[in-house]
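K.L.:
Each residue of the sequence shown is one higher than the one before, starting from -8 at the first, in this note's numbering.
Keep in mind that the hints were calculated from the coordinates and are not lab data. Please note that a few of the clues may not be correct.
[Said to hold, decoys possible] Derived DSS-like pairs: lysine-lysine, alpha-carbon spacing no greater than 27 Å straight-line:
1) 35 <-> 23
2) 15 <-> 35
3) 26 <-> 77
4) 15 <-> 77
5) 35 <-> 77
6) 77 <-> 23
7) 15 <-> 26
[As the list claims (entries may be wrong)] Computed beta-carbon distance windows for the label pairs:
8) 65 <-> 33: 15 to 21 Å
9) 65 <-> 15: 18 to 24 Å
10) -4 <-> 59: 19 to 25 Å
11) 29 <-> 56: 26 to 32 Å
12) 59 <-> 16: 30 to 36 Å
Idealized CB from N, CA, C, for every residue including glycine.
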Amino acid sequence: MSTSNFHVRPATALDVRAIAGLRKPMEGAGRKLLKLELVSLFEKVPEFLVAENDAGEVVGAGALHVMWEDLAEVRSLVVAEDMRGKGVGHAILE
C-alpha cells in the first residue's frame, strides 16, 4: 500500500533497530506495550510490516501473530509521533 508520504512493506532484519526505537517510549510498566528485548524483535521480523516515509525512514510498524488458520492477533502497532493521525496505523492494519 502506498500514499504520497509513506508506503507499507514487509519488515527486514535491517528494520529491527528502527522498530525498537519506535516502541521504546511506549514500553514498560504502566505503558501501552510490553517491553521486548532486541533479540525478540529479530525473531519476530516475519510478523512485522513497516511504514517507510519518502526519505526511507521507518515511521510505523505492526506485527500480526497468526494463531490458527482463521485467527490472528495484532501484537504491536506503533507510529512515530509526528506521523500520527495521517493513516499510517490504518495502512499497516489493512
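K.L.:
Which constraints among the numbered hints does this structure fail? Numbers only, ascending.
P.N.:
10 and 11
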